[in-house]
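Put together the whole structure using the sequences plus the hints.
Each chain, written out:
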Amino acid sequence: DTEVTQTPKHLVMGMTNKKSLKCEQHMGHRAMYWYKQKAKKPPELMFVYSYEKLSINESVPSRFSPECPNSSLLNLHLHALQPEDSALYLCASSRTEAGPQYFGPGTRLTVL
Amino acid sequence: DQQVKQNSPSLSVQEGRISILNCDYTNSMFDYFLWYKKYPAEGPTFLISISSIKDKNEDGRFTVFLNKSAKHLSLHIVPSQPGDSAVYFCAASASLVQAGTALIFGKGTTLSVSS
Chain A
1 DTEVTQTPKH
11 LVMGMTNKKS
21 LKCEQHMGHR
31 AMYWYKQKAK
41 KPPELMFVYS
51 YEKLSINESV
61 PSRFSPECPN
71 SSLLNLHLHA
81 LQPEDSALYL
91 CASSRTEAGP
101 QYFGPGTRLT
111 VL
Chain B
1 DQQVKQNSPS
11 LSVQEGRISI
21 LNCDYTNSMF
31 DYFLWYKKYP
41 AEGPTFLISI
51 SSIKDKNEDG
61 RFTVFLNKSA
71 KHLSLHIVPS
81 QPGDSAVYFC
91 AASASLVQAG
101 TALIFGKGTT
111 LSVSS
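Protein chains in written order, with my numbering: chain A, 1 to 112; chain B, 1 to 115.
FYI, nobody ran anything at the bench for these hints, they're computed from the structure.
Glycine included, C-beta positions come from ideal geometry on N, C-alpha and C.
Keep in mind that a hint or two might mislead.
Claimed, not checked - With a straight-line Cα cutoff of 25 Å, these simulated DSS-like cross-link-like pairs (lysine-lysine) come out: (1) B:K5 with A:K41; (2) B:K107 with A:K38; (3) A:K40 with B:K56; (4) A:K9 with B:K107; (5) B:K107 with A:K41.
What the hints assert, rightly or not - Listed next, with one range per pair, are the computed distances between beta-carbon atoms: (6) B:S51 with A:K18: 38 to 44 Å; (7) B:T45 with A:H10: 18 to 24 Å; (8) B:E58 with A:K53: 33 to 39 Å; (9) B:N57 with A:V12: 40 to 46 Å; (10) A:K40 with B:S28: 38 to 44 Å; (11) B:K68 with A:P8: 20 to 26 Å; (12) B:S51 with A:P69: 30 to 36 Å; (13) B:D59 with A:G14: 41 to 47 Å.
Here you go:
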């Protein structure tokens, strides 16, 4: 089983809203990731959690706030986003040792 | 500066023939390479990977070749099927042993397989 689930599938929010994206995996993976993908572009890394601790933050604006409540869950809290933040937000996970990252289906975010 | 390059934005192949997708990289620290397949509005699906200690890895219809001296890898799909039509991303990372390693993606190649 290599399933990573993400909710919601679609999200439309105003610039003053607060919302959260959720990601879950039950593969026992100890690293989890948030990527952002704009149309016709490759995924770009935002955050990496390793053993539930934030290990990489790719200079992401503070209006994006990640949280890893436990080894199976990863959240991305959104506040005061801009229209240019509209994108497909992808969650991924990987095992402790070398191996591929497995991606969820993504959340399509539209900021009005 | 792009560290992972897929110089062909698109590739068209007939069903049953071989598809060859190419990828070049510039960072000699990369030691793990992956290919992902992506349909529109979906997350990337892992296809196959190769570590820098190998020069070939095969899984069913998919084979990845790595030429470290040329900093080049390729994905061969044989035989190609219409369901293979998608965007293929090459990705690389600089650590084999550490969890939480960033993947650097190429821009992708759109493969179209016609029946």
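Results for each hint:
1. Between B:K5 and A:K41 the CA atoms are separated by roughly 13 Å; this keeps the pair inside 25 Å, and the hint holds.
2. A distance of roughly 11 Å separates the Cα atoms of B:K107 and A:K38; the hinted pair therefore holds under the 25 Å criterion.
3. For a cut-off of 25 Å, the pair hint linking A:K40 to B:K56 is broken: about 29 Å separates their Cα positions.
4. The straight-line distance between the Cα atoms of A:K9 and B:K107 is roughly 24 Å, inside the 25 Å bound, and the hint therefore holds.
5. A distance of roughly 6 Å separates the Cα atoms of B:K107 and A:K41; the hinted pair therefore holds under the 25 Å criterion.
6. At about 42 Å, the beta-carbon gap between B:S51 and A:K18 stays in the expected band of 38 to 44 Å.
7. Range check, B:T45 to A:H10: Cβ separation about 20 Å, and the 18 to 24 Å hint holds.
8. A hinted range of 33 to 39 Å for the beta carbons of B:E58 and A:K53 is consistent with their spacing of about 37 Å.
9. At about 42 Å, the CB distance of B:N57 to A:V12 agrees with the hint of 40 to 46 Å.
10. Hint check: A:K40 to B:S28, Cβ distance near 29 Å, so the stated range 38 to 44 Å is violated.
11. For B:K68 and A:P8, the hinted distance range of 20 to 26 Å is not satisfied, since their beta carbons lie about 43 Å from each other.
12. In this structure, B:S51 and A:P69 meet the distance hint of 30 to 36 Å, their C-beta atoms being roughly 33 Å apart.
13. Remark: the range hint 41 to 47 Å for B:D59 to A:G14 is upheld by a beta-carbon distance near 45 Å.
Violated hints for the displayed structure, listed by number in ascending order: 3, 10 and 11.
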